[in-house]
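There are 2 protein chains.
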Amino acid sequence: MEHTKYQEGRTELAELGKFALIDRLTEGFSARQKSTVMGVGDDCAVLGGGRRKMLVTTETLAEGVTFDMMYTPLKHLGYKAVAVSLSNIAAMNGTARQIVVSIAVSNRYSVEALEELYAGIRLCCERYDVDLAGGDTTSSRSGMVISVTAIGDVESERICYRKGAGLHDLICVSGDLGSAYSGLLVLEREKATYQANPGFQPELDGYDYVLERYLKPEPRFDIVQLLREKGITPTAMIDVSDGLASELLHICKQSRCGCEVYEERIPVDYQTSRVCSEMSKNMLPVSNALNGGKDYELLFTVKTSDYEKIKDCESVHIIGHITDGAPVMVTPQNSTIELRAQGWTAQK
Amino acid sequence: MEHTKYQEGRTELAELGKFALIDRLTEGFSARQKSTVMGVGDDCAVLGGGRRKMLVTTETLAEGVTFDMMYTPLKHLGYKAVAVSLSNIAAMNGTARQIVVSIAVSNRYSVEALEELYAGIRLCCERYDVDLAGGDTTSSRSGMVISVTAIGDVESERICYRKGAGLHDLICVSGDLGSAYSGLLVLEREKATYQANPGFQPELDGYDYVLERYLKPEPRFDIVQLLREKGITPTAMIDVSDGLASELLHICKQSRCGCEVYEERIPVDYQTSRVCSEMSKNMLPVSNALNGGKDYELLFTVKTSDYEKIKDCESVHIIGHITDGAPVMVTPQNSTIELRAQGWTAQK
Chain X
1 MEHTKYQEGR TELAELGKFA LIDRLTEGFS ARQKSTVMGV GDDCAVLGGG
51 RRKMLVTTET LAEGVTFDMM YTPLKHLGYK AVAVSLSNIA AMNGTARQIV
101 VSIAVSNRYS VEALEELYAG IRLCCERYDV DLAGGDTTSS RSGMVISVTA
151 IGDVESERIC YRKGAGLHDL ICVSGDLGSA YSGLLVLERE KATYQANPGF
201 QPELDGYDYV LERYLKPEPR FDIVQLLREK GITPTAMIDV SDGLASELLH
251 ICKQSRCGCE VYEERIPVDY QTSRVCSEMS KNMLPVSNAL NGGKDYELLF
301 TVKTSDYEKI KDCESVHIIG HITDGAPVMV TPQNSTIELR AQGWTAQK
Chain V
1 MEHTKYQEGR TELAELGKFA LIDRLTEGFS ARQKSTVMGV GDDCAVLGGG
51 RRKMLVTTET LAEGVTFDMM YTPLKHLGYK AVAVSLSNIA AMNGTARQIV
101 VSIAVSNRYS VEALEELYAG IRLCCERYDV DLAGGDTTSS RSGMVISVTA
151 IGDVESERIC YRKGAGLHDL ICVSGDLGSA YSGLLVLERE KATYQANPGF
201 QPELDGYDYV LERYLKPEPR FDIVQLLREK GITPTAMIDV SDGLASELLH
251 ICKQSRCGCE VYEERIPVDY QTSRVCSEMS KNMLPVSNAL NGGKDYELLF
301 TVKTSDYEKI KDCESVHIIG HITDGAPVMV TPQNSTIELR AQGWTAQK
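Just so you know, the sequences run in chain order X and V. If you read the first sequence in my numbering, its first letter stands for residue 1, the second for the next number, and so on. If you read the second sequence in my numbering, its first letter stands for residue 1, the second for the next number, and so on.
No lab work stands behind these hints: they were computed from the structure. All residues carry an ideal CB built from backbone N, CA and C; glycine is no exception. Don't take each hint at face value.
Unchecked claim - Here are the in silico distance ranges between beta carbons for each label pair:
| no. | chain 1 | residue 1 | chain 2 | residue 2 | range |
| --- | --- | --- | --- | --- | --- |
| 1 | X | 262 | V | 32 | 40 to 46 Å |
| 2 | X | 336 | V | 11 | 58 to 64 Å |
| 3 | V | 225 | X | 24 | 32 to 38 Å |
| 4 | V | 12 | X | 340 | 44 to 50 Å |
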């Protein structure tokens, strides 16, 4: 029977990294349908023939990898699964309309547990005015895998691809970065203590912000709305799911440019700094911002002529600009550090 | 920490069955977007405001549950994952345009293995003129879960819901039924023999048709095309993924009607009959047709006035008609058997 033939010439998934893997798997495909405006390679596929384009995107969360049932309430999980998929619609400057949900789940879960999950899904649907339009439910051998496909739309002239950044454009980011990862660090620390001593009560007071950032992220449609009100269409946009460094590299690669971002301009919450100082003397908050990911903030570029419009926007930070050099971060001491993306190891 | 609170008042998934579970999980949701024409409850969601509606559907395959890596070549698996999702587009009388693919996969799989999977995905995309427009790749703790969301479209006046069957309409089915399940029975038999005696060479000669039906099903867009050429729009349609009995009950429930199908009219291939007779004296081919599922044929109803147009269509069989009574099968001895759907246990 089958199964062993893939042992020869075996390349481990970890050797390639997520994005090189996706490139390799999808390289033989070509678009045949004229309604496929943009296929693989951005936050969403862009589909349709009219002025208003359709956006489609999918995100998958897997138990034990992207979430840990030990500290993830099912209602939060349902909310998050929807939120991270909708975040891709926001990253194209679009409006979300519907989702379809696929779940593979083992019989370890009860009907009541799935009802909790769906209560979270519903909460996020209601919060962002999105309809649950379908799905599929399968049993799995172990654990839970949940995939949410989100559907939205956007006028052609407002679509923000990753590829549109131009020389000198200002690089902006919403909210703050590194807080979701800091929340994860706290949860992992408390879990380790609990496992060593099951009578232990977890200490979560004072970490409410970073915990919420990790457990219940929000897609930034408020920023999409704000940009619209200000009359700004970003030249490029992406959501921060894998960390600032990785997202900047996506924009630079696809826009064929470089960038300079200033370390001191990268927005970091005080709870993030506090968690870092508790964890280790050597843990810098900016590292969490660069590499932590899962913040689901929007990273975007605007023309310098939009500076006056953007500079006073609440919760938008101008952190640098597009160059024709390499993608670098400038430290307060004025040295430059080349930006590198992390692999696909720590996915939680 | 969390996790134990779902023990009280616990309802097992198996107690409810798949469709009752979906009803229960989705009952609190209501449609808010006017572009949601049809949400949960048919083969596809129907979306959009214009004359041409968009169709969206998703199907999930899980290792160890819906497929067994012991006898499922990865290329076939990729093909099948796309085919079963496209089949839902066919079941709405639509045209498929794009897919997005989500995969959760453990590091037991190599890059080369995933390339095999994607070769199958590509083959099915090419065969049905469909674009791969996006996806997500996540690592999983164990095994593989693959979800394919398919996107298509159809003119409003040609959409076939499950709910449209009318009294006296003729019930038709394409191809033959029970063969996919018979293929699975052969594979499971050979696997059991192999596990008892690892030196054993599986005997698969003479089962080529039923094996292909299980391992590499095809969405019946040829039937959609044929109906179009004949000028027939079915009054209701569904694809046969869970067995004829289950699909007939869906149509009857949603169309608020009953049906009579004639046992001797249900199309069964000779390899299906052969497998049944080999397996057990008591295994009837019609049971595989009624309950086996995974044939991905189209089951549809047409007005009696379309009889002349449909009666000579190759590979379409008229198996009964819609009544205002109960959903029943009539045996050759003229007794009637009430149709019942199987639970969600045997999912392979």
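Checked hints:
1. A hinted range of 40 to 46 Å holds for the C-beta pair residue 262 of chain X and residue 32 of chain V, which are about 42 Å apart.
2. Hint check: residue 336 of chain X to residue 11 of chain V, Cβ distance near 59 Å, so the stated range 58 to 64 Å holds.
3. In this structure the hint that residue 225 of chain V and residue 24 of chain X lie 32 to 38 Å apart at CB holds, the actual value being about 35 Å.
4. The hint said 44 to 50 Å for the Cβ distance between residue 12 of chain V and residue 340 of chain X, and at roughly 48 Å that hint holds.
Every hint from the earlier list agrees with this structure, and none is contradicted.
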